[in-house]
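Protein chains: 2
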Amino acid sequence: MRGPSPIVPVILAGGSGTRLWPVSRDSLPKQFQVLTGSHTLYQQTLMRVSDRALFAAPLVLTHEDFRFFARRQAAEIGMDVTVALEPMRRDSGPALLAAALIAQRLHGEGCLVLALASDHVVLDEPLFLDACRAGAQAAAQGRIVTFGIAPTEPSTAYGYIRPGAQIGTQAGAGGARTVAAFVEKPDLATATRYLAEGYLWNSGNFCFPAAVLIEEATRFEPSMVAAVTEAVETAGEDLGFIKLDARAFADAPAKSIDYAVMEHTRRAAVVEGRFRWSDVGSWDALHELAEGDAAGNATRGPVTLLDSRNSYLHSDGPLIAGIGLDNLSVVATEDAVLVMPIDRAQDVKGLVAQLKSERHNAASEHLKAHRPWGTYQTICRGERFLVKKIVVEPGGRLSLQKHHHRAEHWIVVKGTAEVTLDGRVFEVRENESTYLPQGGVHRLANPGEIPLELIEVQTGAYLGEDDIVRLEDAYNRA
Amino acid sequence: MRGPSPIVPVILAGGSGTRLWPVSRDSLPKQFQVLTGSHTLYQQTLMRVSDRALFAAPLVLTHEDFRFFARRQAAEIGMDVTVALEPMRRDSGPALLAAALIAQRLHGEGCLVLALASDHVVLDEPLFLDACRAGAQAAAQGRIVTFGIAPTEPSTAYGYIRPGAQIGTQAGAGGARTVAAFVEKPDLATATRYLAEGYLWNSGNFCFPAAVLIEEATRFEPSMVAAVTEAVETAGEDLGFIKLDARAFADAPAKSIDYAVMEHTRRAAVVEGRFRWSDVGSWDALHELAEGDAAGNATRGPVTLLDSRNSYLHSDGPLIAGIGLDNLSVVATEDAVLVMPIDRAQDVKGLVAQLKSERHNAASEHLKAHRPWGTYQTICRGERFLVKKIVVEPGGRLSLQKHHHRAEHWIVVKGTAEVTLDGRVFEVRENESTYLPQGGVHRLANPGEIPLELIEVQTGAYLGEDDIVRLEDAYNRA
Numbered sequence: 001m002r003g004p005s006p007i008v009p010v011i012l013a014g015g016s017g018t019r020l021w022p023v024s025r026d027s028l029p030k031q032f033q034v035l036t037g038s039h040t041l042y043q044q045t046l047m048r049v050s051d052r053a054l055f056a057a058p059l060v061l062t063h064e065d066f067r068f069f070a071r072r073q074a075a076e077i078g079m080d081v082t083v084a085l086e087p088m089r090r091d092s093g094p095a096l097l098a099a100a101l102i103a104q105r106l107h108g109e110g111c112l113v114l115a116l117a118s119d120h121v122v123l124d125e126p127l128f129l130d131a132c133r134a135g136a137q138a139a140a141q142g143r144i145v146t147f148g149i150a151p152t153e154p155s156t157a158y159g160y161i162r163p164g165a166q167i168g169t170q171a172g173a174g175g176a177r178t179v180a181a182f183v184e185k186p187d188l189a190t191a192t193r194y195l196a197e198g199y200l201w202n203s204g205n206f207c208f209p210a211a212v213l214i215e216e217a218t219r220f221e222p223s224m225v226a227a228v229t230e231a232v233e234t235a236g237e238d239l240g241f242i243k244l245d246a247r248a249f250a251d252a253p254a255k256s257i258d259y260a261v262m263e264h265t266r267r268a269a270v271v272e273g274r275f276r277w278s279d280v281g282s283w284d285a286l287h288e289l290a291e292g293d294a295a296g297n298a299t300r301g302p303v304t305l306l307d308s309r310n311s312y313l314h315s316d317g318p319l320i321a322g323i324g325l326d327n328l329s330v331v332a333t334e335d336a337v338l339v340m341p342i343d344r345a346q347d348v349k350g351l352v353a354q355l356k357s358e359r360h361n362a363a364s365e366h367l368k369a370h371r372p373w374g375t376y377q378t379i380c381r382g383e384r385f386l387v388k389k390i391v392v393e394p395g396g397r398l399s400l401q402k403h404h405h406r407a408e409h410w411i412v413v414k415g416t417a418e419v420t421l422d423g424r425v426f427e428v429r430e431n432e433s434t435y436l437p438q439g440g441v442h443r444l445a446n447p448g449e450i451p452l453e454l455i456e457v458q459t460g461a462y463l464g465e466d467d468i469v470r471l472e473d474a475y476n477r478a
Numbered sequence: 001m002r003g004p005s006p007i008v009p010v011i012l013a014g015g016s017g018t019r020l021w022p023v024s025r026d027s028l029p030k031q032f033q034v035l036t037g038s039h040t041l042y043q044q045t046l047m048r049v050s051d052r053a054l055f056a057a058p059l060v061l062t063h064e065d066f067r068f069f070a071r072r073q074a075a076e077i078g079m080d081v082t083v084a085l086e087p088m089r090r091d092s093g094p095a096l097l098a099a100a101l102i103a104q105r106l107h108g109e110g111c112l113v114l115a116l117a118s119d120h121v122v123l124d125e126p127l128f129l130d131a132c133r134a135g136a137q138a139a140a141q142g143r144i145v146t147f148g149i150a151p152t153e154p155s156t157a158y159g160y161i162r163p164g165a166q167i168g169t170q171a172g173a174g175g176a177r178t179v180a181a182f183v184e185k186p187d188l189a190t191a192t193r194y195l196a197e198g199y200l201w202n203s204g205n206f207c208f209p210a211a212v213l214i215e216e217a218t219r220f221e222p223s224m225v226a227a228v229t230e231a232v233e234t235a236g237e238d239l240g241f242i243k244l245d246a247r248a249f250a251d252a253p254a255k256s257i258d259y260a261v262m263e264h265t266r267r268a269a270v271v272e273g274r275f276r277w278s279d280v281g282s283w284d285a286l287h288e289l290a291e292g293d294a295a296g297n298a299t300r301g302p303v304t305l306l307d308s309r310n311s312y313l314h315s316d317g318p319l320i321a322g323i324g325l326d327n328l329s330v331v332a333t334e335d336a337v338l339v340m341p342i343d344r345a346q347d348v349k350g351l352v353a354q355l356k357s358e359r360h361n362a363a364s365e366h367l368k369a370h371r372p373w374g375t376y377q378t379i380c381r382g383e384r385f386l387v388k389k390i391v392v393e394p395g396g397r398l399s400l401q402k403h404h405h406r407a408e409h410w411i412v413v414k415g416t417a418e419v420t421l422d423g424r425v426f427e428v429r430e431n432e433s434t435y436l437p438q439g440g441v442h443r444l445a446n447p448g449e450i451p452l453e454l455i456e457v458q459t460g461a462y463l464g465e466d467d468i469v470r471l472e473d474a475y476n477r478a
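Residue numbers (the numbering used here), protein chains in the order written: chain Z, 1 to 478; chain P, 1 to 478.
Just so you know, these hints were derived from the structure itself, not from any lab. Incorrect hints may have been included.
Copies of the same chain are indistinguishable here, so a pair counts whether it falls within one copy or spans any two.
Calculated lysine-lysine pairs in the DSSO-like style (CA-CA distance at most 27 Å, straight line) [to be verified]:
1. Lys243 - Lys414
2. Lys243 - Lys185
3. Lys414 - Lys185
4. Lys349 - Lys185
5. Lys368 - Lys255
6. Lys368 - Lys402
7. Lys243 - Lys402
8. Lys368 - Lys243
9. Lys255 - Lys349
10. Lys414 - Lys356
11. Lys388 - Lys255
12. Lys414 - Lys349
13. Lys255 - Lys243
14. Lys414 - Lys368
15. Lys388 - Lys414
16. Lys414 - Lys402
17. Lys368 - Lys388
The shape of chain Z in the complex, shown without the other chains (with noise of 0.2 Å):
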């Protein structure tokens, strides 16, 4: 069906949503949670594009801050992808033309891309597939296609296509059509409207040739074209990443592909998606993807209903026990609980917006924290200590560091450390311990094929992160 050029699956990963609060932070965003079944977005949309004999390995672009996220939760499902860095955020339009650039380079002038946003859920995989062949061909005689739904409700979170007329002889709906109109999101009698005259839902991902969508740009916006053609070209490698170069990239005017390109094309088709999708862009959604109880209620972790009805119950720890709930949100964490009528999830994004303010922890950070090497979280704090526990990833490697206030104990409880300390290099083995005296000069590190995990008690009168020198960095942070 399609010709020789490959697809290439661009993943959209850098955004940093708040509307799924508190699951969703600032510091380990929508896209790298598991929200459904047992992976995260980021790694269900990776999977969704892992056929090889029909997509190339896909190009991941995220923000800088999300690096290791994209890169380890990609090899935790034995996938092989290019992360390009954003250095800051310029909305769809210049991240995707970057990707176009990227892909020409990596697999030349006559590529296709797929571009797919990193947090979106789609069921029906089969049809998704149906979908992205539809596109691609549609996109192979010069289209850039972007994927509609057929509306399931008039819902008002959503902008709405309105499809134009058949392109080429292909009948059927899974053939591409012309794009009459995109809109805005609308009001509910608008969408109840659009709903009945067969517009779809705009999903915001799109197939086209990389070449096309950058003879495009270079029509409607030489100077974004301009300023990301220079991040791309002077772009910096560093760790295996492609880092785009910060001050081109901060040229380049941050608008969405719908505003930048796609809105003024001729080129522009519409292939409908019969998947069923969701950008879960907030908690309501995610109940309406769950399989409900008989009494509408969706569950998620340890929870124990009683005479309740229509809810959604999300644990990420705490048992939540509920009683005469009816059409209630609640989401626990280990460190924050939210609750709401369903229907209030909108109001998320403000309530963030209000922790931020009243500077609570739990608004942007998580208890776990994630660095290049692996993750550390604070399990136990007290007067004149803390208590860590850290997993330091295969390979992984912290800074030369030392502490002007503090002293360390590590006790290993699986896996193999390598520990520096002044100068000495030593194993600690698993249900072996060190200690790290105030001022000693150390490095930890897993040389083994399993994570490492140990506790780190730390003692001393200052235990701030800041407590820090780095004398040397594997990560570039020193």
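For this one, chain Z is given, so just place chain P on it according to the hints.
Frame of chain Z; chain P shown alone:
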């Protein structure tokens, strides 16, 4: 005013309610929890009778499981108490009878007993003391005085008392009256009528001469008196606790003092307490007691609300964030969250029964476990390891013990540990650690004057609490 007989406060602290789950659990019930102010209800009760010009040192009746809480929480507020242990629950009749008999032994045959529940909230302390004085005055005239509370609403949660004629010459509501009738918890219509007719809530607190209670109980419940007298006469002494004899006490019929004595005796009197009072029977009571904000919300702990009203938010740890709440209760602890409309507070008991049947740990156990020597809390759990924070009170000694399946690392973060390991005794100080190999016979003790805090990291294939061989124990648990 009162005669030379001392007033002996008897604090009944053996209850184990679940209506305030998840804060109150079998392992540490509500009287030992901080629910209002900064002290536990038990401590607040003790503090209420701390005026030694008016009251003798308190006698505490509690269940064996709670003996160390009863002593430690009293010590925390500098109160010296005698603690008598009920070997099993036999309701308030046998408990008060035992208290009367013990009070006579400690303070003479003529002593007066002021029997107080340990889990009530009393506001307006001076009015409480006024009522105590009035009660003691009537008791000194041979009366068994029950304290009635002027109802503020037609509550269906309390039993009522219909007061009779004034006793003696003292006029005014502070004086005692006879009891015309005790009546059960009414329905709303009846409660409304009671309110209009001047009935009082039955608070379940009493004042009586020890000898009179024993005399009247002998008249109406001779077998109870025989059993309890024997249990007191053959009581053992264990680590300074008075331990009622289990076999004898088991023979006492389980009856409340109301059923056993008050409803039959001609010596009953009622003194009206003018203080604000609650038996804190359920979460809605705490909402009523709290001073709400302008929108009627009462909060405790970290809480942020948007657009919410008439709600009760109580956190012992996690941040609670609510949007659009109305008449909702949210109670969050580190391991469980309860959400319900405020008017469903009576259903918590049934919920806990369900949680127990589903074998949720959080149904009856707290994360922090209390032991005679102090506390421990699991702060991190992994596949082959477990991390605990252990606090040993000054003078506390764990049992001499060994584990078949686990090794332990101890890192002292505060205070000084005296460690016994295979016959050797040594000290481990702040910021030092030691290692206890699998099978090593060891003991931990705190020889110092401040609490000893340490982090224990257990490693091994099996880490259950039951892998413990106690060879010797200061608290007779070996």
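Intra- versus inter-copy proximity for Lys414 and Lys243 (alpha-carbon distance at most 27 Å): Neither, since 34 Å and 47 Å both go past 27 Å.
Within, between, both or neither, where Lys368 and Lys402 count as close if Cα-Cα is 27 Å or less: within (22 Å within a copy, 34 Å between copies)
Homo-oligomer pair classification [Lys243, Lys368; C-alpha up to 27 Å]: For Lys368 and Lys243, only the intra-copy Cα distance (26 Å) is at most 27 Å; the inter-copy one is 48 Å.
Intra- versus inter-copy proximity for Lys356 and Lys414 (alpha-carbon distance at most 27 Å): The answer is neither: 37 Å in one copy and 34 Å across copies each exceed 27 Å.
Homo-oligomer pair classification [Lys402, Lys243; C-alpha up to 27 Å]: Answer is neither; intra-copy 29 Å and inter-copy 56 Å both fail.
Within, between, both or neither, where Lys388 and Lys414 count as close if Cα-Cα is 27 Å or less: both (15 Å within a copy, 17 Å between copies)
Homo-oligomer pair classification [Lys349, Lys414; C-alpha up to 27 Å]: Intra 39 Å, inter 42 Å, cutoff 27 Å: neither.
Within, between, both or neither, where Lys414 and Lys368 count as close if Cα-Cα is 27 Å or less: both (18 Å within a copy, 25 Å between copies)
Alpha-carbon proximity context of Lys349 and Lys185, limit 27 Å: This pair counts as within: shortest intra-copy Cα distance 18 Å, inter-copy 47 Å.
Status of Lys255 relative to Lys368 across identical chains (alpha carbons, at most 27 Å): neither (33 Å within a copy, 53 Å between copies)
Intra/inter-copy verdict for Lys255 and Lys243 if alpha-carbon distance must be at most 27 Å: within (20 Å within a copy, 78 Å between copies)
Alpha-carbon proximity between Lys255 and Lys349, which holds within one copy, between copies, both or neither at 27 Å: within (21 Å within a copy, 56 Å between copies)
Hint check: violations occur at hints 1, 2, 3, 5, 7, 10, 11 and 12; the rest are consistent with the structure.
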